Amino acid sequence: MENIYSEEQRLTRTVKARRETIDFLLSYSKSLQVVDVKNQKFELSLN
Amino acid sequence: MELQIDDSILVKNYIGGDEKALETLINRYNQRISSFIYSKVLDRDVAEDIFQDTFIKVIKTLKRGSYSEEGKFLPWVMRIAHNLIIDHFRKNKRMPKFEGSDDFNIFSVIKDDKLNAEKRIIKEQIDKDLTLLIEELPDDQREVLVMRIYKDMSFKEISENTGVSINTALGRMRYALINLRKIVDRHNIVLTN
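Note that the protein sequences, when read in sequence, are chains A and B.
Residue numbers for the first sequence follow our numbering, so the first one is 1 and each next one is one higher.
Residue numbers for the second sequence follow our numbering, so the first one is 1 and each next one is one higher.
It should be emphasised that the hints constitute simulated quantities derived from the structure, not laboratory data.
Being a predicted model, the structure only gives us computed values, none of them experimental.
Check before you lean on any hint, since a few could be wrong.
What the hints assert, rightly or not - In silico DSS-like pairs for lysine-lysine, Cα to Cα no more than 27 Å straight-line:
no.	chain 1	residue 1	chain 2	residue 2
1	B	K72	B	K12
2	A	K38	B	K57
3	B	K93	B	K128
4	B	K60	B	K40
5	B	K57	B	K20
6	B	K93	B	K57
7	B	K12	A	K38
8	B	K182	A	K41
9	A	K41	B	K20
10	B	K182	B	K123
11	A	K16	B	K151
12	A	K30	B	K63
13	A	K41	B	K63
14	B	K72	A	K41
15	A	K41	B	K57
16	A	K16	B	K57
17	B	K128	B	K182
18	A	K16	B	K40
19	B	K128	A	K30
20	A	K16	B	K20
21	B	K12	B	K60
22	B	K40	B	K57
23	B	K60	B	K72
Chain B extracted, bound-state conformation (with noise of 0.2 Å):
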């Protein structure tokens, strides 16, 4: 049967330089520790990412030669860990995150509306090139299509600003309209974006 070294005489050596003595403490109560965080974080990367900090303060604590052999080696452990979990649920609450899960991606849901810069760059150009396009239209189908379109006024606003009827200024608009798609037809221009 193989003789357990005690936890005590692992620590003092350890303190003394022996690293193995760290490793056979580690590998001991790794399950142990692991379990107890993972048992109240309920997530596999966040008990880790606490059982290597409370490993860092262990170490750090017995390399000061701060660390007291007034109660047993694993329930300090344990009480580091538990100090880190209270931390880490204290950090969370100032800072909820949201993490999508693997069927559901908040990201699928979110997104950002703004046009990337290659698309961005074709409706500049797009924009200019039916400027010009809007130029070749008759004047009063221009003018109306220029204050439906660009000004945003209503038919009715155009009608009172051109003196001519509701009627008309629609039928200028249609006109306008089917012009400009001759015209784009006529240049092979193709509008997309």
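One chain only, chain A, in its complex shape (with noise of 0.2 Å):
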């Protein structure tokens, strides 16, 4: 009996990021402040 070597073949698929997700990112973007104090960064998160 011949061997069927062959793999299934995987399915290429092309997804995007929700909508919510990325007006998630500019908002925590928005509401990020990075400090400098004396060399060091702090973040700052405003909400």
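Using the supplied hints, reconstruct the complex from the two chains, each of which is provided in its own coordinate frame.
In structure tokens, the structure reads:
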């Protein structure tokens, strides 16, 4: 009997991050402030 | 034809405070980065989480001023995503999780055998009622029933302890149960759980 060695082809799927995720990232970016105090960087998240 | 602003200019603008530049960058590479992550993890929700964590890292690095313009923006973001994918698999290897699929749910197989609070209270009540009913049985029948049910003794052991034959012990047990049913009927008691 012949063996079939071919593997099942993996389906490539194009996906996109959801709108909510992007909105969250943009809000996060707006709220994030990095302040430099004596060569030390501090992250401040302002809501 | 719309002119596409170069990534490096968008990055520079974003560092300079232009939040819109970040949105342009995310939208520009959303599909490529998401598809790349998804092709590795094959889970839509996990891919979404890694995408989010990737950009949180991007945002932090850019805002801290730690980004160096040595390479290109996209390969840099892809590298962050790639590292987070590896982290994800490492974490799952340490703590493998099993999630049920639509046609198979693990919780339908595993269940808690313990009685819930309501059923436990009912059972306690039944046990208490039964103890009182057993008291009404004739002494010889009660003795056999208690030894068999509560002390889990065999009929051989019961016969040895009470000094009667096994057949007599069996007969007493039979009558004990018949009489117990009669007492239950007489008192109109419902013994169910």
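Going through the hints against the structure:
| no. | hint | verdict |
| --- | --- | --- |
| 1 | B:K72 x B:K12 | holds, 13 Å |
| 2 | A:K38 x B:K57 | holds, 23 Å |
| 3 | B:K93 x B:K128 | violated, 51 Å |
| 4 | B:K60 x B:K40 | holds, 25 Å |
| 5 | B:K57 x B:K20 | holds, 18 Å |
| 6 | B:K93 x B:K57 | holds, 23 Å |
| 7 | B:K12 x A:K38 | holds, 24 Å |
| 8 | B:K182 x A:K41 | violated, 84 Å |
| 9 | A:K41 x B:K20 | holds, 24 Å |
| 10 | B:K182 x B:K123 | holds, 21 Å |
| 11 | A:K16 x B:K151 | violated, 67 Å |
| 12 | A:K30 x B:K63 | holds, 11 Å |
| 13 | A:K41 x B:K63 | holds, 10 Å |
| 14 | B:K72 x A:K41 | holds, 25 Å |
| 15 | A:K41 x B:K57 | holds, 15 Å |
| 16 | A:K16 x B:K57 | holds, 19 Å |
| 17 | B:K128 x B:K182 | holds, 18 Å |
| 18 | A:K16 x B:K40 | holds, 14 Å |
| 19 | B:K128 x A:K30 | violated, 66 Å |
| 20 | A:K16 x B:K20 | holds, 19 Å |
| 21 | B:K12 x B:K60 | holds, 14 Å |
| 22 | B:K40 x B:K57 | holds, 19 Å |
| 23 | B:K60 x B:K72 | holds, 17 Å |
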